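Fit chain F to the supplied structure of chain Y, relying on the hints for placement.
Below, each chain spelled out in residue letters.
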Amino acid sequence: DGGITQSPKYLFRKEGQNVTLSCEQNLNHDAMYWYRQDPGQGLRLIYYSQIVNDFQKGDIAEGYSVSREKKESFPLTVTSAQKNPTAFYLCASSPNGRTGSSYEQYFGPGTRLTVT
Amino acid sequence: AQTVTQSQPEMSVQEAETVTLSCTYDTSESNYYLFWYKQPPSRQMILVIRQEAYKQQNATENRFSVNFQKAAKSFSLKISDSQLGDTAMYFCAFMKHNAGNMLTFGGGTRLMVKP
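Residue numbers (my numbering), protein chains in the order written: chain Y, 1 to 116; chain F, 1 to 115.
One chain only, chain Y, in its complex shape:
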């Protein structure tokens, strides 16, 4: 089945450790996105990538890093510099975001990160 997978569903880390969240898609989408969701709030954009080997900061990129070495993969690293890393993280993808057309985003199931 085509879709977006995020692993693991729940992740626990000690403060001061870096942690990498996985996001894989087999939809052949060019664009991928990372969002953060805090309790009772909407989604805020962390990073996005429109094409392999290229990515841009979103609204809340501080303390996070990403890579886009393959079209199907867009891992997010939460570094120790992120002051409040505990949150729900959602990955999304969409078809070619660089043309004149506009497409909705498709979301993965999310990863709940708890840092203590």
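If you are wondering where the hints come from, they were derived from the structure by calculation, not from laboratory data. Certain hints may be false.
Away from chain F, derived, C-beta distances all over 10 Å, residues of chain Y [claimed, not checked]:
1. R13
2. G40
3. Q41
4. R44
5. L45
6. A61
7. P75
8. Q105
Here are the computed lysine to any residue pairs in the SDA-like style, where the Cα-Cα straight-line distance is at most 20 Å [what the hints assert, rightly or not]:
9. Y/K9 - F/R43
10. Y/K57 - F/A99
11. F/K55 - Y/N18
12. Y/K9 - F/P41
13. F/K96 - Y/D30
14. Y/K9 - F/A1
15. F/K73 - Y/Q50
16. F/K96 - Y/Q50
17. F/K96 - Y/Y106
18. F/K96 - Y/N96
19. Y/K57 - F/Q2
20. Y/K57 - F/A1
21. Y/K57 - Y/K9
22. F/K96 - Y/R13
23. F/K96 - Y/L45
24. Y/K57 - F/A16
25. F/K96 - Y/P8
26. Y/K57 - F/N98
27. Y/K9 - Y/V19
28. F/K96 - Y/V19
29. F/K55 - Y/I51
30. F/K70 - F/S30
31. F/K96 - Y/Q56
32. F/K96 - Y/K9
33. Y/K9 - F/S42
34. F/K96 - Y/N18
What follows is a set of in silico ranges between Cβ atoms, one per label pair, in the way DEER data are often shown [said to hold, decoys possible]:
35. F/L47 - Y/S22: 14 to 24 Å
36. Y/I51 - F/Y54: 19 to 29 Å
37. Y/D59 - F/A16: 37 to 47 Å
38. Y/R44 - F/S28: 36 to 46 Å
39. F/E10 - Y/N53: 41 to 51 Å
40. Y/K9 - F/N62: 39 to 49 Å
Keep in mind that this is a model prediction, so the values were computed, not measured. Where is the CB? At the ideal position from N, CA and C, for every residue including glycine.
Using the frame of chain Y, we list chain F on its own:
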């Protein structure tokens, strides 16, 4: 920059009744798209409905329909014949045309459908 506002943090409706969720947005763009996403307790984001700003006709998907008022920058979601499975957070989102499919989300409305 665009902003999206959902003024109803929580709403409830009886099963089989109709409920309307409100969304307003602020933009200087003339060509854009609006979406409603649903996030049930599983937290999976699911697209409910999409509206192109250049279309005057309101979008409809089964029991879900929108009231799109471009001049008023209003985009409400009507759920008819509410079902228990409609219980979820609902997010309104804005997308500027030809801008990398970037979404701006509202803060969400928590809908509870009561039996």
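The hints, checked one at a time:
No Cβ of chain F approaches the Cβ of Y/R13 within 10 Å, the least distance being about 20 Å, so the stated non-interface status holds. Distance check on Y/G40: its Cβ comes as close as 8 Å (rounded) to a Cβ of chain F, failing to clear the 10 Å threshold; non-interface status is violated. Residue placement check: Y/Q41 does not keep its beta carbon more than 10 Å from all beta carbons of chain F (closest about 6 Å). Remark: the non-interface label on Y/R44 conflicts with the geometry, its nearest Cβ contact in chain F lying 8 Å away (cut-off 10 Å).
For Y/L45, the condition that its CB be more than 10 Å from all CB atoms of chain F is violated, with the nearest at approximately 7 Å. Against chain F, the non-interface label of Y/A61 holds: every CB pair exceeds 10 Å, the least being about 14 Å. The claim that Y/P75 is not at the interface with chain F holds, since no C-beta of that chain comes within 10 Å of its own (minimum 19 Å). Non-interface status of Y/Q105 relative to chain F is broken: a Cβ of that chain comes within 10 Å, the nearest being about 6 Å off.
The suggested pairing of Y/K9 with F/R43 holds, with an alpha-carbon distance near 11 Å, which does not exceed 20 Å. About 15 Å separates the Cα atoms of Y/K57 and F/A99, which keeps this hinted pair within 20 Å; it holds. About 47 Å separates the Cα atoms of F/K55 and Y/N18, which puts this hinted pair outside 20 Å; it is violated. Our distance criterion of 20 Å between C-alpha atoms is met by Y/K9 and F/P41, whose separation comes to about 14 Å.
The straight-line distance between the Cα atoms of F/K96 and Y/D30 is roughly 18 Å, inside the 20 Å bound, and the hint therefore holds. Proposed proximity of Y/K9 and F/A1 is contradicted: the alpha carbons are some 33 Å apart, above 20 Å. A distance of roughly 28 Å separates the Cα atoms of F/K73 and Y/Q50; the hinted pair therefore is violated under the 20 Å criterion. Of the pairs offered as hints, the one joining F/K96 and Y/Q50 holds, with about 15 Å between alpha carbons and a cut-off of 20 Å not exceeded.
Pair hint F/K96 plus Y/Y106 holds up; C-alpha atoms about 17 Å apart against a cutoff of 20 Å. Between the alpha carbons of F/K96 and Y/N96 the distance comes to roughly 15 Å, so the proposed pair stays at or under 20 Å and holds. Proposed proximity of Y/K57 and F/Q2 is supported: the alpha carbons are some 17 Å apart, at most 20 Å. Note on Y/K57 and F/A1: the hinted pairing holds, with a Cα-Cα distance of about 16 Å set against a maximum of 20 Å.
Straight-line distance between C-alpha atoms of Y/K57 and Y/K9 comes to about 24 Å, which puts the hinted pair past the 20 Å bound. The straight-line distance between the Cα atoms of F/K96 and Y/R13 is roughly 37 Å, outside the 20 Å bound, and the hint therefore fails. With a CA separation close to 15 Å, the supplied pair F/K96 and Y/L45 stays within the 20 Å bound. Using a Cα cut-off of 20 Å, the hinted pair Y/K57 and F/A16 is violated, with the two alpha carbons roughly 44 Å apart.
Under the criterion of a C-alpha separation no larger than 20 Å, the hint pairing F/K96 with Y/P8 is inconsistent with the structure, at around 32 Å. Distance restraint check for Y/K57 and F/N98: the Cα-Cα separation of roughly 18 Å lies within the 20 Å cut-off, and the hinted pair is therefore satisfied. Only pairs whose Cα atoms come within 20 Å are accepted, and Y/K9 paired with Y/V19 is accepted, the gap being roughly 14 Å. Of the supplied pair hints, the one linking F/K96 and Y/V19 is violated, its CA atoms being roughly 33 Å apart against a limit of 20 Å.
Proposed proximity of F/K55 and Y/I51 is contradicted: the alpha carbons are some 30 Å apart, above 20 Å. At roughly 9 Å between alpha-carbon atoms, F/K70 and F/S30 fall within 20 Å of each other, so this suggested pair holds. Restraint check for F/K96 and Y/Q56: the C-alpha separation of about 17 Å stays at or below 20 Å, so the hint holds. About 31 Å separates the Cα atoms of F/K96 and Y/K9, which puts this hinted pair outside 20 Å; it is violated.
A hinted pair counts as satisfied when its Cα atoms are at most 20 Å apart, and Y/K9 with F/S42 qualifies at roughly 11 Å. Under the criterion of a C-alpha separation no larger than 20 Å, the hint pairing F/K96 with Y/N18 is inconsistent with the structure, at around 34 Å. The beta-carbon spacing between F/L47 and Y/S22, approximately 23 Å, falls within the hinted interval of 14 to 24 Å. Separated by about 27 Å at the C-beta atoms, Y/I51 and F/Y54 satisfy the suggested range of 19 to 29 Å.
At about 40 Å, the beta-carbon gap between Y/D59 and F/A16 stays in the expected band of 37 to 47 Å. Distance hint check for Y/R44 and F/S28: the Cβ-Cβ separation is about 22 Å, which falls outside the suggested range of 36 to 46 Å. A hinted range of 41 to 51 Å holds for the C-beta pair F/E10 and Y/N53, which are about 43 Å apart. Between Y/K9 and F/N62 the C-beta distance comes to about 30 Å, which lies outside the given range of 39 to 49 Å.
Checked against the numbered hints above, the structure breaks hints 2, 3, 4, 5, 8, 11, 14, 15, 21, 22, 24, 25, 28, 29, 32, 34, 38 and 40 and satisfies the rest.
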